[in-house]
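Visitor: Place chain B on chain A using the hints.
Chains as they are written, first to last, in the working numbering: chain A, 1 to 237; chain B, 1 to 237.
Since the hints were derived computationally from the structure, they do not count as laboratory data. Among these hints, one or two may not hold up.
[Said to hold, decoys possible] No farther apart than 25 angstroms at their CA atoms in a straight line, the calculated lysine to any residue pairs in the SDA-like style are these:
#1 Lys72/A with Glu92/A
#2 Lys155/B with Gly28/B
#3 Lys115/A with Leu33/A
#4 Lys115/B with Asp206/A
#5 Lys112/B with Pro192/A
#6 Lys115/B with Asn201/A
#7 Lys115/B with Asp100/A
#8 Lys115/B with Ile214/A
#9 Lys20/A with Gly14/B
#10 Lys20/B with Ile55/A
#11 Lys72/A with Asp100/A
#12 Lys155/A with Arg162/B
#13 Lys50/A with Gly28/B
[Said to hold, decoys possible] Every beta carbon over 12 angstroms from chain A, so not counted as near; a handful from chain B, in silico:
#14 Arg42
#15 Ile57
#16 Gly84
#17 Gly94
#18 Thr211
Glycine included, each C-beta is placed from N, C-alpha and C at the ideal position.
There are 2 protein chains.
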Amino acid sequence: MNDHALYLIPVLLGETTVSKVIPPYNIGVVSRLRYFIVEDVRSARRFLKKCNPQIDIDALTFFELNKHTDKKEIASYLTPMKKGESIGVISEAGCPAIADPGADVVAIAQQKGYKVVPLVGPSSLLMAIMASGFNGQSFAFHGYLPINAGERAIKLKQYENRAYSEDQTQLFIETPYRNQKLAEDILQHCKPQTQLCIAINISCDDEYIVTRNIRTWKGKLPDMHKKPTVFLIYKGY
Amino acid sequence: MNDHALYLIPVLLGETTVSKVIPPYNIGVVSRLRYFIVEDVRSARRFLKKCNPQIDIDALTFFELNKHTDKKEIASYLTPMKKGESIGVISEAGCPAIADPGADVVAIAQQKGYKVVPLVGPSSLLMAIMASGFNGQSFAFHGYLPINAGERAIKLKQYENRAYSEDQTQLFIETPYRNQKLAEDILQHCKPQTQLCIAINISCDDEYIVTRNIRTWKGKLPDMHKKPTVFLIYKGY
Numbered sequence: 001m002n003d004h005a006l007y008l009i010p011v012l013l014g015e016t017t018v019s020k021v022i023p024p025y026n027i028g029v030v031s032r033l034r035y036f037i038v039e040d041v042r043s044a045r046r047f048l049k050k051c052n053p054q055i056d057i058d059a060l061t062f063f064e065l066n067k068h069t070d071k072k073e074i075a076s077y078l079t080p081m082k083k084g085e086s087i088g089v090i091s092e093a094g095c096p097a098i099a100d101p102g103a104d105v106v107a108i109a110q111q112k113g114y115k116v117v118p119l120v121g122p123s124s125l126l127m128a129i130m131a132s133g134f135n136g137q138s139f140a141f142h143g144y145l146p147i148n149a150g151e152r153a154i155k156l157k158q159y160e161n162r163a164y165s166e167d168q169t170q171l172f173i174e175t176p177y178r179n180q181k182l183a184e185d186i187l188q189h190c191k192p193q194t195q196l197c198i199a200i201n202i203s204c205d206d207e208y209i210v211t212r213n214i215r216t217w218k219g220k221l222p223d224m225h226k227k228p229t230v231f232l233i234y235k236g237y
Numbered sequence: 001m002n003d004h005a006l007y008l009i010p011v012l013l014g015e016t017t018v019s020k021v022i023p024p025y026n027i028g029v030v031s032r033l034r035y036f037i038v039e040d041v042r043s044a045r046r047f048l049k050k051c052n053p054q055i056d057i058d059a060l061t062f063f064e065l066n067k068h069t070d071k072k073e074i075a076s077y078l079t080p081m082k083k084g085e086s087i088g089v090i091s092e093a094g095c096p097a098i099a100d101p102g103a104d105v106v107a108i109a110q111q112k113g114y115k116v117v118p119l120v121g122p123s124s125l126l127m128a129i130m131a132s133g134f135n136g137q138s139f140a141f142h143g144y145l146p147i148n149a150g151e152r153a154i155k156l157k158q159y160e161n162r163a164y165s166e167d168q169t170q171l172f173i174e175t176p177y178r179n180q181k182l183a184e185d186i187l188q189h190c191k192p193q194t195q196l197c198i199a200i201n202i203s204c205d206d207e208y209i210v211t212r213n214i215r216t217w218k219g220k221l222p223d224m225h226k227k228p229t230v231f232l233i234y235k236g237y
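Chain A with its partners taken away, still in its complex shape (with noise of 0.2 angstroms):
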């Protein structure tokens, strides 16, 4: 590394190998790294053995950053880099700053004029949209839909009726212990001849990427109970 730089560092989706989802080169940015603000510090440890036993982790530094991290702590994790130090930014899963706290970190560095280099590695959003068939030239994530009944059903309406009037594919996540509660409300919330694909376990063994329209679905969920899933629904025909 010549430059110091704040590398975004993406980790595995679930049990998977290594060598199935991360380039090689980035085996060489994680090793040479001293510093990492982290989403879960036992999961970044077990990650960064996975990717080169020979790390000696003790001598590493972790700074945890998730929700309940104190917005004004976390720009005290860049004090590294004042001295010339790269950091390494690692989630709990896929790829650092998408869909967690990990943004807040990159929009600090970048004000303070710092380098910012993302790893390419899996994201379950991306790849959900690439195995879809939905529109790849337009689409929207919008993370949890709302947890009450009603707000639930108006958002569902709401970003159905984008994918129609916007050609827009409409992505979104849940809690994945209320996942079929989810795919439930969908169902009974969308038009029947509007698509829906369901994206379990992305890059896992189990890996499960089917579209159907509403209707076809309905009797026919998979379990995604407990599994990491992302839905997708675009217009019908």
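Guide: Just chain B, lined up with the frame of chain A:
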């Protein structure tokens, strides 16, 4: 490969090495495939040779899928799958079925009930979101903006409004030789406090991903002429 499937195979984004952005697993997959649906035959052959110089390119069958391809012809490209053969999909740059015509053949494969398997690789859109510091819990990609000046101004303001009203990161791209013009249009039409991330040549040696507000960018735009660039806007403060 136990199952036959439609494999979605990402390629390099410009001049970089395979090991920097492609997981080792992908090399095994492309080395075993005999059929490919590609956006451009020449660049697909070059990529396959880079992945594995041992591949006998002349023994492979290529079907070309780009904006000139007759939609009716696309379904016939999947004929080898009926006989239990797997097929790879390769676009000009980055991830197939994202911002390219590949989604059409994926949609047909899903309709026919074929297994679709997305592989990991570089996505300029996703990597730009990661490194922008903008909201990664809500984002929308809009493809190309209209060329007509009036329509373009309307769209830019509409997307900027959504960045504020929905707290949503807005992404778009342009034909590389018109990048400079688009950047100037953004500076002209967006609010001074709105944030703009310009992400040029992602994953290449001269990668440049910088976030500033519109006010700060004025008079200081980088050279992006003919360089693949992603533009992202987000609410300022």
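Visitor: With reference to the structure, classify each hint as holding or not holding.
Guide: Now the hints, each set against the structure:
no.	hint	in the structure
1	Lys72/A with Glu92/A	holds (22 angstroms)
2	Lys155/B with Gly28/B	violated (43 angstroms)
3	Lys115/A with Leu33/A	holds (15 angstroms)
4	Lys115/B with Asp206/A	holds (12 angstroms)
5	Lys112/B with Pro192/A	holds (19 angstroms)
6	Lys115/B with Asn201/A	holds (14 angstroms)
7	Lys115/B with Asp100/A	violated (30 angstroms)
8	Lys115/B with Ile214/A	holds (19 angstroms)
9	Lys20/A with Gly14/B	holds (22 angstroms)
10	Lys20/B with Ile55/A	holds (20 angstroms)
11	Lys72/A with Asp100/A	holds (18 angstroms)
12	Lys155/A with Arg162/B	holds (16 angstroms)
13	Lys50/A with Gly28/B	holds (21 angstroms)
14	Arg42	holds (23 angstroms)
15	Ile57	holds (23 angstroms)
16	Gly84	holds (20 angstroms)
17	Gly94	violated (10 angstroms)
18	Thr211	violated (4 angstroms)
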